[in-house]
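Asker: Sequence:
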Amino acid sequence: MSDDLKHLKDALRAATPDAPPKDTHLALAMKNFDDLQSARQGSPSGARHTPDRPTLMSRISSGVIRMFHSLTTRGALAATTSITAVGIGVFFYTQQPDI
1 MSDDLKHLKD
11 ALRAATPDAP
21 PKDTHLALAM
31 KNFDDLQSAR
41 QGSPSGARHT
51 PDRPTLMSRI
61 SSGVIRMFHS
71 LTTRGALAAT
81 TSITAVGIGV
91 FFYTQQPDI
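Residue 26 in the working numbering sits at position 26 of the sequence shown, with consecutive numbering throughout.
I should point out that these hints are in silico values taken from the structure, not numbers from a laboratory. It is possible that part of the hints are untrue.
So the derived label-pair ranges between C-beta atoms look like this [stated by the list, open to error]:
#, residue 1, residue 2, range
1, M67, T94, 31 to 41 Å
2, A15, T72, 36 to 46 Å
3, K31, S2, 54 to 64 Å
4, T24, S70, 45 to 55 Å
5, G63, I88, 34 to 44 Å
6, L56, L77, 33 to 43 Å
7, R53, F92, 58 to 68 Å
8, P20, S62, 52 to 62 Å
9, S62, I83, 29 to 39 Å
10, H25, H69, 22 to 32 Å
11, D35, R74, 32 to 42 Å
The structure displayed is predicted, hence computed values, not measured ones. Think of the CB as a built atom: it goes at the ideal place given N, C-alpha and C, for glycine as much as any other residue.
Model the full assembly from the supplied sequences, consistent with the hints where possible.
Answerer: Below, the structure is given as structure tokens:
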């Protein structure tokens, strides 16, 4: 039994790659990645100027539209329920006989 474990342990230790080839492969992979990314991003110079900046009205209108899309009826339901409850309370309070 211990011979089998010893053989397994020796096999697992032998399968570990050497550090220098691993480092060179990692460095080559990082260089290739940098080359690919710089080719896709265009020139490595500074940020490009974009003159098409949204105006104040377009930013406000897009914010209002986004607000209307995110509105729910939960607030309206709470408001109408509370108004109804207050109205019923006032109605019953005024219907009491004078003592």
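Asker: What are the numbers of the hints the structure violates, in ascending order?
Answerer: Those not satisfied are hints 2, 3, 10, 11.
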